[in-house]
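For chain A, the structure is supplied; the task is to place chain B on it using the hints.
Taken in sequence, the protein lines are chains A and B.
At position 299 of the first sequence the residue is numbered 299 (the numbering used here), and the sequence of numbers has no breaks.
At position 202 of the second sequence the residue is numbered 1202 (the numbering used here), and the sequence of numbers has no breaks.
Quick caveat, the hints were computed from the structure, so don't treat them as lab data.
Keep in mind that this is a model prediction, so the values were computed, not measured.
Do not take every clue at face value.
Unchecked claim - Once the Cα atoms are required to be at most 30 Å apart in a straight line, the calculated DSS-like pairs of lysine-lysine come out as: (1) B/K1192 to B/K1052; (2) B/K1141 to A/K7; (3) A/K6 to B/K1237; (4) A/K191 to A/K319; (5) B/K1141 to B/K1192; (6) B/K1197 to B/K1237.
Claimed, not checked - Far from chain B, some chain A residues (derived; all Cβ distances over 10 Å): (7) Y115; (8) R119; (9) N149; (10) T169; (11) N240; (12) L244; (13) A284.
Claimed, not checked - Here are the in silico distance ranges between beta carbons for each label pair: (14) A/F180 to B/Q1166: 40 to 46 Å; (15) B/D1143 to A/V344: 44 to 50 Å; (16) B/M1113 to A/V343: 49 to 55 Å; (17) B/S1112 to A/V343: 56 to 62 Å; (18) B/S1112 to A/Q37: 36 to 42 Å.
Ideal Cβ placement from N, Cα and C applies to all residues, glycine included.
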Amino acid sequence: MLGLEKKDATLLLVVIALALAAPILLNPFPTESAMAQFNAGYPDLMQKFAIYGIFAIGFNILFGLTGYLSFGHAAFLGVGSYSAVWMFKLLSMNVIPALVLAVLVSSLFALVIGYISLRRSGIYFSILTLAFAQMSFNLAYSVLTPITNGETGLQLSLDDPRILGISQTADGGIPLTSLFGLAMRDSVAVKLGGWSFEFSVGYYVCAILMLVCFYLAMRIFRSPFGLMLRAVKTNQTRLNYTGLNSRPYTLAAFVISGMYAGLAGGLLAAMDPLAGAERMQWTASGEVVLMTILGGAGTLFGPVLGAGFIKYFENIFSKINDSVLQNWFGFLPDGVENVVLWVVEHFVGPGWHLTLGLLFMLVVIFLPGGLMEGGQRIAGLLRGKRKSGGDGGGDDPEYHPGQTPHVAE
Amino acid sequence: MGILEVKGVNKRFGGLQALGDVNLSVTENSVHAIIGPNGAGKSTLLNCLVGKLIPDTGSVMFNGQSVLGRKPHEINQMGISRVFQTPEIFGDLTVLENVLIPCFARRDGAFSMHAFETVGQERDMLDEAMQMLEDMNMADKRDMHAASMSRGDKRRLEMAMCLVQQPRLLLLDEPTAGMSRADTNNTIELLKQIKGKRDITMAIIEHDMHVVFSLADRITVLAQGSPLVEDTPENIKGHPKVREAYLGESA
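Isolated chain A (complex conformation):
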């Protein structure tokens, strides 16, 4: 199917099914139940899953395949957002031209930054990309204020020209971002028993683009080009002495991943038309590294999983506050309750980073292949019960025996 081998086609179908049914799958608890706060099936969060999924899939093409660890990919995310917002201001509120411009501008940025940074490898490459990203951040934050609107961030206003659209709606508001008239914010809520499912236009636009990106990444992974990228990671000396020039390969991977990041940034702006410099900060660059490693660098689905995990923690764990905790542990005797509350409150709410950090440490120490490796081990155990003697990996193309260094030497 679609030029994919059977195993990949199955994975693609599973991912398509998951993405399309996400509004239902992520809302397993009835609206009125106490567990409803763990539901992730609301448009705002699901959009983030899909958008950061795109970001991480693209990052993985660079990091997972070539081993070049970029610490500046948030710059492309930010550039994508600014480009998209400018398109909304100048041309129209349709998301298509905005996304096209976001991808184009970020690819140009990636070409320049990649061309310079890829003169070095390993830690020096990482530092160069970090330096570029911080420069971009500072440019956006102060120097280029006329373009980026500095620390306030770039926003839409009522007197924007919008040549192909309208400056303001009939009732004097700012028009909404849309896809040929279908507003991103539109949604249909379906009530079913105690459950309520919300199907939003914005989410499905993000999800479909994420699926396209996933499919393209799959093709790259399985192509001769992808093979060369993996060869870059394992032995550049041999690659050069085999008549291959590693520089254009790494640059191509860098630009492709920059375009993915630009698309993600453009989508962020399409869902919520504003762009701020903080989107380019180094913490945002670090986040995509965490997502990729947490999910499993070099695997196809890992980065999407990692992105989902981190965004889920960020949005759900951070919302658990003291009164919620008191509800949960109210049945305990007072003294015990206070102790338990004191311990747990550090791991939720604003302390969600602590939980994430612990999770990340556990994964890196015990599952160097990320959550995907965990999944494979469980699958291997289950399979091992049925036909004993199998060695876990078997014929799985994703199975990498031994530990491979994450960073290109």
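Frame of chain A; chain B shown alone:
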């Protein structure tokens, strides 16, 4: 006129004259060995041939074209493949993938964006790679993780990767360094087989006299960065200057 012509090559590292006026001519379809004691400049000379080092003066012509100033991948595309002292292979990839990469390099050149075909659809390339693995008696290891193989197999794989490119000149940098006598003999056999099956020119840098005398058609002896003698193995064996270089003046 040989396929590889080295003329008047000098290379200096600070105060050390690593190569002094080296002249060398490798005839097509012959096996030319370059021997010499430690520090004689064998590796420096080899690195000048593959683009890793650029000589201070002199010329290196391959097949009528200068290789000086070209990058390693460009020199490889001209038809020179290199086997390293410790096998350089793609450890994280499978054996078959290791051999596929040089196949693609020969067909598509130094860079190509075949990002939308799957490797599995490239029947010609797969057939070619499999044929090479069969020639090297490695077909059963095709799906093995290359890093998990024995050292002897890694050496075989590296040679397969070089040979599948059908190079005009194969450079071997101490192909038996650190090997047991049995492994050394296997390598000699392998190289003899390769030589018997196809037209290929080989230049071998070697320490081990046994290997050199079993394979070489011609031998150049380097000492202190300069060629001492160049002759057939029979004549080299008894040459007084060679004995002197290897065993010291008193011998």
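Here's how the hints hold up against the structure:
Distance hint between B/K1192 and B/K1052 is fulfilled; the C-alpha atoms sit about 28 Å from each other, no more than 30 Å. Between the alpha carbons of B/K1141 and A/K7 the distance comes to roughly 22 Å, so the proposed pair stays at or under 30 Å and holds. Between A/K6 and B/K1237 the alpha-carbon distance is near 62 Å, which puts this suggested pair outside the 30 Å criterion. Between A/K191 and A/K319, the direct Cα distance comes to roughly 24 Å. Compliance with the 30 Å bound is thereby established for this hinted pair.
With a C-alpha separation of about 22 Å, the suggested pairing of B/K1141 with B/K1192 holds against the 30 Å cut-off. For the hint linking B/K1197 to B/K1237, the alpha-carbon distance of about 28 Å falls within 30 Å, and the restraint holds. Remark: the non-interface label on A/Y115 is consistent with the geometry, its nearest Cβ contact in chain B lying 14 Å away (cut-off 10 Å). At roughly 14 Å, the least C-beta separation between A/R119 and chain B is larger than 10 Å, which holds for a residue marked as non-interface.
Even its closest Cβ contact with chain B, about 37 Å, leaves A/N149 beyond 10 Å, as expected for a residue assigned away from the interface. Every beta carbon of chain B lies more than 10 Å from that of A/T169, the smallest distance being close to 43 Å; the non-interface claim holds. The Cβ of A/N240 sits about 4 Å from the closest Cβ of chain B, inside the 10 Å cut-off, so the non-interface label is violated. Annotated as non-interface, A/L244 brings its C-beta within 10 Å of a C-beta of chain B; the closest such distance is 5 Å.
At roughly 27 Å, the least C-beta separation between A/A284 and chain B is larger than 10 Å, which holds for a residue marked as non-interface. For A/F180 paired with B/Q1166, a C-beta distance near 55 Å fails the hint of 40 to 46 Å. Remark: the range hint 44 to 50 Å for B/D1143 to A/V344 is upheld by a beta-carbon distance near 49 Å. Our hint of 49 to 55 Å for B/M1113 and A/V343 holds, since their Cβ atoms are close to 54 Å apart.
Roughly 57 Å separates the CB atoms of B/S1112 and A/V343, a value that falls within the hinted 56 to 62 Å. B/S1112 and A/Q37 have their C-beta atoms about 52 Å apart, which leaves the hinted 36 to 42 Å range violated.
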